[in-house]
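**Student:** So in full-length UniProt numbering, the last one in the sequence shown is 103, and the numbering has no gaps at all.
Any given hint could be a false lead.
[Claimed, not checked] Cβ-Cβ distance ranges computed for the label pairs, FRET-style:
id	residue 1	residue 2	range
1	P98	E72	15 to 25 Å
2	R89	P50	12 to 22 Å
3	A42	A12	51 to 61 Å
4	A41	R76	49 to 59 Å
5	R89	E66	21 to 31 Å
6	P37	R70	33 to 43 Å
7	G2	N27	50 to 60 Å
8	E38	M63	46 to 56 Å
Hints are computed from structural coordinates only; laboratory data are not their basis. Note that the Cβ used here is the ideal one computed from N, Cα and C, for glycine as well.
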Amino acid sequence: MGLWAVLLLGMAGAGIWLHLKTGDAWNERFNAPPAQPETTAAIPAPKTEPDPAKEAKIAEIRMYREQAERREQQQRGEIRCIGGVLFRRIPGGWENVPGETCP
């Protein structure tokens, strides 16, 4: 028997051994009874007290945002983009803004 036959038998033996170990590990993992998850007590939601300083800050932010939205709406009414050219409102009509383009 040549060396190639010994190597071939050795590789076949190693393959069979690896196949058997893989099958054993597979069966151990998937045929085992499922583990019981740990139960935890329900965590009650924290009680939040209304904070007057925080509420005042939120009201101030809302007021500023509403002012900015009104200002933007007004500016949007004064400026138009037609064919990539910026126009602004003037008494009696519209005027293009020289050197300005719009997206």
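**Student:** All hints, please: hold or fail.
**Tutor:** Evaluation of the provided hints:
no., hint, in the structure
1, P98 to E72: 15 to 25 Å, "holds (24 Å)"
2, R89 to P50: 12 to 22 Å, "violated (45 Å)"
3, A42 to A12: 51 to 61 Å, "holds (58 Å)"
4, A41 to R76: 49 to 59 Å, "holds (55 Å)"
5, R89 to E66: 21 to 31 Å, "holds (23 Å)"
6, P37 to R70: 33 to 43 Å, "violated (55 Å)"
7, G2 to N27: 50 to 60 Å, "violated (38 Å)"
8, E38 to M63: 46 to 56 Å, "holds (49 Å)"
Of the numbered hints stated above, those contradicted by the structure are hints 2, 6, 7, listed in ascending order.
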